[in-house]
Amino acid sequence: MATTDVPGSNGKISEQLDAVVIRFCGDSGDGMQLAGTQFTNVSAVFGNDVSTLPDFPAEIRAPAGTLGGVSGFQICFSSSDIFTPGDEVDTLIAMNPAALKTNVADLRRGGTLIVNEDAFEKSNLSKAGYEGNPLEDDVSLAAYQVQRVPMTSLTRDAVADLGLSPREAERCKNFFAMGLVYWLYQRDATPTEEWVKSKFAKKPELVEANLKALQAGYNYGITTEAITVHYRVDPAELPPGKYRKVTGNEALAFGFVTAAKLSGKQLFYGGYPITPASDILHELSKLKNFNVVTFQAEDEIAAITSVVGAAYAGDLAITASSGPGIALKGEGMGLAAITELPLVVIDVQRGGPSTGLPTKTEQSDLYMCMYGRNGDCPLPLVAPASPADCFEMAQEAMRIAVEFMTPVILLSDGYIANGAEPWQIPDVSQLKPFNVSNENTQDGDEFMPYLRNEKKTRPWVLPGTPGCEHRVGGLEKSDVTGNVDYSPENHQFMTTLRANKIAGIADYIPEQTVEGPESGDLLVISWGGTYGAVRTAVKQSVQEGLSVAHAHIRYLNPFPKNLGDVIKRYKKVLIPELNTGQLRMIIRGTYLADAVGLNKVQGKPFLISEVKHKIKELINEEN
Amino acid sequence: MSVDVTLPVLSPKDFASDQEIRWCPRCGDYSILAQMKKVLPTLGIPKEKFVFVSGIGCSSRFPYYMDTYGMHSIHGRAPAVATGVKLANPDLQVWVITGDGDSLSIGGNHFMHVLRRNVDLKVIMFNNQIYGLTKGQYSPTSPTGTKTKSTPFGSVDRPLNPLSVAIGARATFAARSVDVDIKHLCSVLERAANHKGAAFVEVYQDCNVFNSGAFEFASKKGKKEENVIYLEHGKPLIFGKDRDKGVRLNSHGQPEVVELGKGVTADDLLFHDEKAEDMNLAFLLASMRHPEMPEPMGVFRCVDHPTYNDAVYQQVESATERSGEGDLEALFNTGDTWNV
Ligand SMILES: Cc1ncc(C[n+]2csc(CCOP(=O)(O)OP(=O)(O)O)c2C)c(N)n1
Ligand code: SF4
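Residue numbers (the working numbering), protein chains in the order written: chain A, 4 to 626; chain B, 51 to 390.
Here chain A stands alone, though its shape is the one from the complex (with noise of 0.2 Å):
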């Protein structure tokens, strides 16, 4: 595509990268996140692999031009796979002084940083707590490539003849920002031009305004003369086949939806909105053709106890929340346990305890899903390592849940739910096939509701079918006839049998595999969203000549097989986490292993070079 003399370059040169990165920052109101998502469309559709940060202010309505009400969308986009939103920006866009102060430390020495000029008038640089002009001092930004745009004038002028309001042509600077990157990183626009035709369908004004404010940034690049160069980011060479972007939430309720239609069930889902889980609510909601129930319940504990209705049922019953809304649904988990029946239940974590970093990414809720029921009360946990990979995780949680009859427990995260990358749309007909059974499979007259098969797992037989009528409950129950019984032997007993139920499940599952050497000084182990960073911490460590490799696990309950086996070969063990370490105490108890930890609760995902830090001073200290 670009060469130097591509038309539109205008005689710039146009460099060759391999991957940038680049943040978009404004206020909250300065369509920021729509930025970042636009902006990573374009670059999917070019080819690139691209990985995605959106981060939230914590306050829905702070005061605009303020610290708090900053909100941020980080891409990395690349001609190679990649597998973090990466670690130093090399563009910053800051759409005021507020997100300059709380962006700029991010961007690398020498990066290009584009700020709106006209936002740093007297006000708001106090509001962002500047003593003076940052673009007005020698020393503040001297490390930087500064581009001063005056996009809101200029946004302004080009939507002049449009006759909107000031504040209404004022709100478009943000596709000002959008085409002037466009034109830096020589992205065709097209998607983005369609998806303002389609969504502002019923006001051609705005239609114009924006498509007009697109292409004057685009222009802008084009013709000033303080930007001599723009850039090449290659398509990736991903696997062949059809691609499009994908956010964990949006691929969570793709994947539950794929075991509804592929078991013929309906999907029941019930939930209650809190964030970052909601959007699994909003995706399913839409999708009422796929015979799909959503219930917006009163609350966590109706949530959970309508799945466990709707599973008694017959239903596939899903329940979505994150942390303080899994633990008002522990009660509800243990009676699904106790009565064993298959639902599974989200939690897309957040910083905590109590209400926390509500818009922040943490991996502190795997000692609750571990433990966090009364009595003794294991459940299979799952968690997927990326945002694609939540579509197959989604139908091995529903998969378990049905083939063990328990409740199952998916825990994603906040940097997961809403970070987005390529996805490769399956062949439907390739699909693993989800077969449900709900017959009565015993020869005898009557039915038994806790026979058990070779799994020992009991029959889901529905309500509606005559001849086995049956009663289920919180109560423990007599093994084969489910019958109240609380003699000690008894709860001994069944306590002994639903254990070895979910710890039989690492029968079927996939056994642990490393990336890297087979054995050797450090075996680097994550779990869920930090997947990315460890791989390429671990893959860039491997290239520089070090021992170490990397066992990513997705089955945090039973842990596959072979798990202990892996550890063994290494001769350390470390366990980064976005928390204080709550695997590695698991790891540690369940296999003896001395693994050490590098943790982290800064409501933030792993930096690449945190990790790779880690692992050269571990194998330093090992030489």
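Treat each hint with caution, since some may be false.
Claimed, not checked - Mimicking DSSO-like on lysine-lysine, the simulated pairs with C-alpha atoms at most 30 Å apart in a straight line are:
no.	chain 1	residue 1	chain 2	residue 2
1	B	Lys99	A	Lys459
2	B	Lys99	B	Lys88
3	A	Lys205	A	Lys289
4	A	Lys245	A	Lys206
5	A	Lys603	A	Lys571
6	A	Lys607	A	Lys130
7	B	Lys63	B	Lys87
8	B	Lys88	B	Lys325
9	B	Lys246	A	Lys289
10	A	Lys268	B	Lys63
11	B	Lys246	A	Lys268
12	B	Lys270	B	Lys233
13	A	Lys268	B	Lys97
14	B	Lys233	B	Lys88
15	A	Lys575	A	Lys542
These are computed hints drawn from the structure, not numbers from a lab. Only a predicted model underlies this, so the values are computations on that prediction, with no experimental measurement involved.
Following the hints, position chain B with the ligands against chain A.
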């Protein structure tokens, strides 16, 4: 058991499970169980289509004693469990069995929401004005001053009136009966069963261990005639052993007891209208409490409204009509896609 396929006639015995019933002797729960077993066979519904969902409490052991489908769930949450059952399979007739503590304390939230949504469920609240299972603490319906283990000096809480709460949530069916008033209870249960929508029935139930005789005024022969008004749609509010008393509205719009004869005729009395859309009359009836007033028994409110479950399925249907049956291929390929 051999079943005659051509004549699936059911009797109360068919609904008795083989489980030993563990309520205290003479507990009011026995009578409610017996009346339920009598009513179900009359409904023309196959046995396998009944589901009983309960919370936790003495009364909530009920599903174990019925040979139907059922779930003994967790404290206060039966309405939500039952909503899930009904939404998953609207073909089932779903009953919720709950106590006054179960549904008004811990489950107050779900109680109100299941009624205002009008999910097609039958909610039977066994009200004994006490916590039975946990051995006798006061409940949200206990009168102020109730002395229990947790309130040795008398409770200072003001009680809730279950029917006022239900009517406040715009229950489309709200009724009251008494455990030992066998015929009346049967007729109320039957009407609840036949109501399309959320049906709420409060049953005065005697916990003879922890709150014995709390409802004697409404259950004991010789007393109840003077203390209770049996509601009949379209009829005046008359009561008394000799049917010589009635209730009319005074000049402030408040109900007052009057004696018939002596210039007052039935035409002067308040007439019951269970079909009234506005809830004023039902509220007024719910506010009539013993001993100041005779307490109404029977159906306070019975109105027709679309059910929640029907509305949910209508959306599923119309979405399917509009967009065709969901197609994974098409779903995955929506939005911007690209080929590598
Ligand atoms: C979460 C929870 N909290 C408390 C309890 C203890 N508990 C069991 S039954 C009950 C009260 C039952 O009272 P009511 O609903 O009036 O039923 P009754 O026993 O009188 O029929 C309580 C507090 C429990 N089982 N679960
Ligand atoms: S404690 Fe009261 S309510 Fe419970 S079984 Fe005994 S009499 Fe019945």
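Right, here's what the structure says about each hint:
Our distance criterion of 30 Å between C-alpha atoms is met by Lys99(B) and Lys459(A), whose separation comes to about 28 Å. Proximity of Lys99(B) to Lys88(B) is assessed by CA-CA distance (about 16 Å); at most 30 Å being required, the pair is judged to hold. Straight-line distance between C-alpha atoms of Lys205(A) and Lys289(A) comes to about 21 Å, which keeps the hinted pair within the 30 Å bound. Of the pairs offered as hints, the one joining Lys245(A) and Lys206(A) is violated, with about 33 Å between alpha carbons and a cut-off of 30 Å exceeded.
With a CA separation close to 26 Å, the supplied pair Lys603(A) and Lys571(A) stays within the 30 Å bound. Annotation: proposed proximity of Lys607(A) to Lys130(A) holds, straight-line Cα distance about 25 Å (limit 30 Å). For the proposed pair Lys63(B) and Lys87(B), the alpha carbon gap of about 7 Å is at most 30 Å, so the pair holds. Taken as a hint, the Lys88(B) and Lys325(B) pair is honoured in the structure, with Cα atoms around 27 Å apart against an allowance of 30 Å.
A C-alpha spacing of about 28 Å is found between Lys246(B) and Lys289(A), which places the hinted pair at or below 30 Å, so the restraint holds. Pair hint Lys268(A) plus Lys63(B) does not hold up; C-alpha atoms about 35 Å apart against a cutoff of 30 Å. The hinted pair formed by Lys246(B) and Lys268(A) meets the criterion: a straight-line CA distance of about 26 Å does not exceed 30 Å. With a CA separation close to 14 Å, the supplied pair Lys270(B) and Lys233(B) stays within the 30 Å bound.
The suggested pairing of Lys268(A) with Lys97(B) holds, with an alpha-carbon distance near 24 Å, which does not exceed 30 Å. At roughly 10 Å between alpha-carbon atoms, Lys233(B) and Lys88(B) fall within 30 Å of each other, so this suggested pair holds. The straight-line distance between the Cα atoms of Lys575(A) and Lys542(A) is roughly 17 Å, inside the 30 Å bound, and the hint therefore holds.
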